[in-house]
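Okay, here's what each chain looks like letter by letter:
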Amino acid sequence: MTDTQSLIDQLAQESALPARNPLSLFALPIIAVIALCAVGVVLAFSDPFLSVELYGWGPMLVKWGFSMSLLLLCAAALWILGKPGRRSRWAMAAVALPFVPVAALLAFELAIIGPNVAGETWAQCLTAMAVMSPLAFGGAVFAMRALAPTNLKRSGAVAGLFGGAVAMTAYAPFCPEIGMGYMVVFYCLPMLAMTLIGWLTGPKLLRW
Amino acid sequence: MSNNADALDSLMQAARGGDQGAYRQFLAEATGRVRAMLARKIGNDSELEDVLQECLIALHEKRHTLDPDRPVGPWMYAIANYKLVDHWRKRGRSKVVLDDEADMAVDADSFAQVDIAALLSELPEAQAEAIRMTHIEGMTNKEAATRIGIGTSAMKLRVHRGMLRLKEIVEEQDQ
Chain B
2 MTDTQSLIDQ LAQESALPAR NPLSLFALPI IAVIALCAVG VVLAFSDPFL SVELYGWGPM
62 LVKWGFSMSL LLLCAAALWI LGKPGRRSRW AMAAVALPFV PVAALLAFEL AIIGPNVAGE
122 TWAQCLTAMA VMSPLAFGGA VFAMRALAPT NLKRSGAVAG LFGGAVAMTA YAPFCPEIGM
182 GYMVVFYCLP MLAMTLIGWL TGPKLLRW
Chain S
9 MSNNADALDS LMQAARGGDQ GAYRQFLAEA TGRVRAMLAR KIGNDSELED VLQECLIALH
69 EKRHTLDPDR PVGPWMYAIA NYKLVDHWRK RGRSKVVLDD EADMAVDADS FAQVDIAALL
129 SELPEAQAEA IRMTHIEGMT NKEAATRIGI GTSAMKLRVH RGMLRLKEIV EEQDQ
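Heads up: the protein sequence lines correspond to chains B and S, in order. Numbering of the first sequence is given in this note's numbering, commencing with residue 2 and proceeding in unit increments. Numbering of the second sequence is given in this note's numbering, commencing with residue 9 and proceeding in unit increments.
These are computed hints drawn from the structure, not numbers from a lab. Among the hints, a few may not be true.
Said to hold, decoys possible - Calculated cross-link-like contacts (lysine-lysine; reagent style DSS-like; alpha-carbon spacing at most 25 Å): (1) S:Lys150 with S:Lys49; (2) S:Lys49 with S:Lys164; (3) S:Lys164 with S:Lys150; (4) S:Lys175 with S:Lys150; (5) B:Lys205 with S:Lys98; (6) S:Lys150 with B:Lys154; (7) S:Lys175 with S:Lys164; (8) S:Lys98 with S:Lys164; (9) S:Lys49 with B:Lys154.
Stated by the list, open to error - Short derived list, chain S residues pointing at chain B, Cβ under 8 Å: (10) Arg32; (11) Ala36; (12) Glu57; (13) Leu60; (14) His68; (15) Lys70; (16) His72; (17) Asp75; (18) Trp83; (19) Tyr85; (20) Tyr90; (21) Asp94.
Bear in mind that the values here come from a model prediction, so they are computed numbers and not experimental data. Backbone N, C-alpha and C define an ideal beta-carbon position, used for all residues, glycine too.
Taking the hints into account, I'd like the entire structure generated from these sequences.
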């Protein structure tokens, strides 16, 4: 009997039915890091929704609309990327969609009032993004390792973007700034940096 | 191909329904399909069975990533392809590095006093044939690979392994 034949016999002794539910394996770390970041910002920062009191819900909805749609699209893309043989191009295109209205609003703001990236709380925003993005990225990596990603760079990049989206979603209620230029510089650029880190480290972290 | 893919689908469906024999048949069928795919990409090299076994283990361990309503074929080939690329990556990091120039630049005097035919007869036929074509007949790796219908990488690997083995044999004889 060849080694391969004996391997088949050995594997066939176990059930073909997966012992694990892939959705729960994937979702648990994702939900855990979102919850961790939510609890973290509540403990670390004060005066949530100050921008709502000052300017109404508009700026807050722009921020959350962007970050939450990105978070959900990234989670869906990660799920697809973790299933071998599934086409992921449309999912990759979908994660870019939330950036389109942001670019349009930025262009509008530039046309009306010119460049506006100033904000007193920029250091706090950057710190929050720098602390929570890698944490959420780690959760996404953990979730992906339960699946079987075959495109590790792409999966790593989406995991990085997911990390940034979670960080922004968690921190946004505590950010009083409202400019689109500010949002692009202090939220979108750190997100893209995390995406690049994910793209570079994906092949090492997600290998199975 | 579609019949084979259908066979895989129905076998997996039956296996997931609790038919253990169907799972064994599924693994056997998958082995044949993946072996054929690997043979096209790396030739019938000695490493084929290693990669094949890695693929089988991966198919088994990652079976929870196969959606019940999706065909098995694309899932299975995606995993097999990933494992093959991973295998190449690992080999790239190991001491076995394919170096065309080093393998081709063997000093002509190195084997001047030995019986080449006798030496080559001690190698596996595939490696001996590869060295014959590239070092005696003067073909490039690509030309030799095309002639016998394997990939250039597989040809490079055969030449490389053959040359390493030849060197060992000559050194053993010198001692």
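Hint check:
| no. | hint | in the structure |
| --- | --- | --- |
| 1 | S:Lys150 with S:Lys49 | 14 Å, holds |
| 2 | S:Lys49 with S:Lys164 | 13 Å, holds |
| 3 | S:Lys164 with S:Lys150 | 9 Å, holds |
| 4 | S:Lys175 with S:Lys150 | 23 Å, holds |
| 5 | B:Lys205 with S:Lys98 | 12 Å, holds |
| 6 | S:Lys150 with B:Lys154 | 30 Å, violated |
| 7 | S:Lys175 with S:Lys164 | 16 Å, holds |
| 8 | S:Lys98 with S:Lys164 | 16 Å, holds |
| 9 | S:Lys49 with B:Lys154 | 23 Å, holds |
| 10 | Arg32 | 4 Å, holds |
| 11 | Ala36 | 6 Å, holds |
| 12 | Glu57 | 6 Å, holds |
| 13 | Leu60 | 6 Å, holds |
| 14 | His68 | 5 Å, holds |
| 15 | Lys70 | 4 Å, holds |
| 16 | His72 | 3 Å, holds |
| 17 | Asp75 | 7 Å, holds |
| 18 | Trp83 | 4 Å, holds |
| 19 | Tyr85 | 7 Å, holds |
| 20 | Tyr90 | 4 Å, holds |
| 21 | Asp94 | 7 Å, holds |
In terms of the numbered hints stated before, the structure departs from hint 6 and from no other.
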